[in-house]
Amino acid sequence: MTKARILCVCGTGIATSTVVNDGVGKMCKRHGIDYEIIQCKALEVSSKLETFKPTVIVSTTPISCKSTVPIISGIPFLSGVGAEKMEEDIIAVLKKD
Amino acid sequence: MLDLKLLDRDLVMLNLEANTQTEALEKLAARLFEVGYVKETYAKAILEREKVFPTGLPTEGYGVAIPHTDVEHVIKPAIALGILQKPVKFNLMGDLDPNNQVDVQILFMLAIKEPHMQLKLLQDIMEIIQDSELLNKMVKAEDVKTLIQATEQYVKEKGVA
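Those sequence lines, one after another, are chains A and B.
Numbered by the numbering used here, the letters in the first sequence go through residues 1 to 97 in order.
Numbered by the numbering used here, the letters in the second sequence go through residues 1 to 161 in order.
Bear in mind the hints are in silico, worked out from the structure with no lab data behind them.
Think of the CB as a built atom: it goes at the ideal place given N, C-alpha and C, for glycine as much as any other residue.
Mixed in with the good hints, there may be bad ones.
Stated by the list, open to error - Computed list of lysine-lysine pairs in DSSO-like fashion (alpha-carbon distance at most 27 angstroms, straight line):
| # | chain 1 | residue 1 | chain 2 | residue 2 |
| --- | --- | --- | --- | --- |
| 1 | A | 29 | B | 158 |
| 2 | A | 41 | B | 39 |
| 3 | A | 41 | B | 76 |
| 4 | B | 51 | B | 39 |
| 5 | A | 26 | B | 158 |
| 6 | B | 156 | B | 137 |
| 7 | A | 41 | B | 44 |
| 8 | A | 41 | A | 26 |
As the list claims (entries may be wrong) - Some chain A residues close to chain B (C-beta under 10 angstroms, calculated; not the full set):
| # | residue |
| --- | --- |
| 9 | 10 |
| 10 | 11 |
| 11 | 12 |
| 12 | 21 |
| 13 | 32 |
| 14 | 37 |
| 15 | 38 |
| 16 | 42 |
| 17 | 46 |
| 18 | 59 |
| 19 | 60 |
| 20 | 61 |
| 21 | 70 |
| 22 | 75 |
| 23 | 77 |
| 24 | 79 |
With the hints as extra help, turn the sequences into a complete structure.
Next comes the structure, spelled out in structure tokens:
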């Protein structure tokens with residue numbers, strides 16, 4: 001398995017994506033997944049797709065750019081609602097890679 | 001520990017009168033500006049960002065919103081807390097469908113300067129908004145002192161934060 005590359009996204013790239021970044025990081029450690037993680041603003045996603053080449057995008061905001069990279073909502077990190085399902089989804093993508 | 005210093009008493013607005021989301025955001029942003037935490041550009045930036053990236057979050061009790069914007073509008077970090085007299089509509093975070101709204105009664109307006117230093121703070125707020133009992137106390141608080149005490153008590157008990 002190659003190193004998982006995770007892109008965390010929110011509107012400003014500084015607030016909720018920071019919480020998501022921390023949450024996904026802890027999740028990967030729990031599952032023994034080797035990872036690299038960065039965060040950015042929604043507007044920067046298309047450029048990060050080229051430069052960072054993420055395995056998965058975890059976002060608290062809708063992303064409009066076209067991409068084959070799976071996009072998973074990170075809102076459960078904020079609200080707590082649906083956190084287990086989200087974890088399963090993220091891990092499923094990362095373990096597949 | 002939750003950094004309660006960021007929750008300056010001067011930044012807590014109880015019984016906030018607002019008929020619309022815009023009014024609520026403007027009043028809280030104006031307070032942050034008056035007390036010297038943000039630049040004059042902050043209010044406009046908050047309003048614009050909320051339109052594009054809404055921050056309404058449904059909880060088990062009261063709807064919460066966490067409006068915030070880019071660091072360049074901020075002078076020093078703070079949280080302004082607004083408890084509205086009656087709820088106003090906010091769009092849901094992560095949802096572009098304008099029909100999906102939440103009735104928001106509690107606003108945590110964030111003035112963020114250094115994202116990573118404030119990770120803990122953000123996580124604490126996320127914990128607070130998942131605690132319907134505390135939110136209930138905040139909404140019912142008759143004065144700022146009671147509200148701050150409820151929050152301090154919570155922090156002490158949970159060691160949250």
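Exercise for review: Would you check whether residue 75 of chain A satisfies its interface hint, that is, whether its CB is within less than 10 angstroms of any CB in chain B?
Suggested key: holds, 5 angstroms
Exercise for review: Report holds or violated for the interface hint on residue 11 of chain A, using the least CB-CB distance to chain B and a cut-off of 10 angstroms.
Suggested key: holds, 3 angstroms
**Study point:** Satisfaction of hint between residue 39 of chain B and residue 51 of chain B, Cα-Cα up to 27 angstroms
**Key:** Cα-Cα ~20 angstroms, so holds.
Point to revise | Evaluation of the interface hint that places residue 70 of chain A against chain B, nearest CB under 10 angstroms | key: violated, 16 angstroms
**Study point:** Hint consistency between residue 29 of chain A and residue 158 of chain B [alpha-carbon to alpha-carbon, up to 27 angstroms]
**Key:** Judged against 27 angstroms, a Cα distance of about 25 angstroms means the pair holds.
Point to revise | Agreement of hint residue 46 of chain A with chain B interface, Cβ distance less than 10 angstroms | key: violated, 16 angstroms
Point to revise | Per-residue hint verdict: residue 21 of chain A, partner chain B, C-beta under 10 angstroms | key: holds, 8 angstroms
Review point. Regarding the hint that residue 32 of chain A lies at the interface with chain B, is the smallest CB-CB distance below 10 angstroms?
Key: violated, 23 angstroms
Practice item. For the pair we were handed, residue 41 of chain A and residue 44 of chain B, check the Cα-Cα distance against 27 angstroms. Key: holds, 19 angstroms
Check your understanding: Given residue 38 of chain A was flagged as interface, is its beta-carbon under 10 angstroms from a beta-carbon of chain B?
Key -> This interface hint is violated because 12 angstroms lies over the 10 angstroms limit.
Point to revise | Hint check: 10 angstroms Cβ-Cβ cutoff, residue 10 of chain A to chain B | key: holds, 7 angstroms
Practice item. Let me know if the C-beta of residue 60 of chain A comes in closer than 10 angstroms to any C-beta of chain B, holds or violated. Key: holds, 5 angstroms
The structure fails hints 13, 14, 15, 17 and 21 (numbered hints given earlier, in ascending order).
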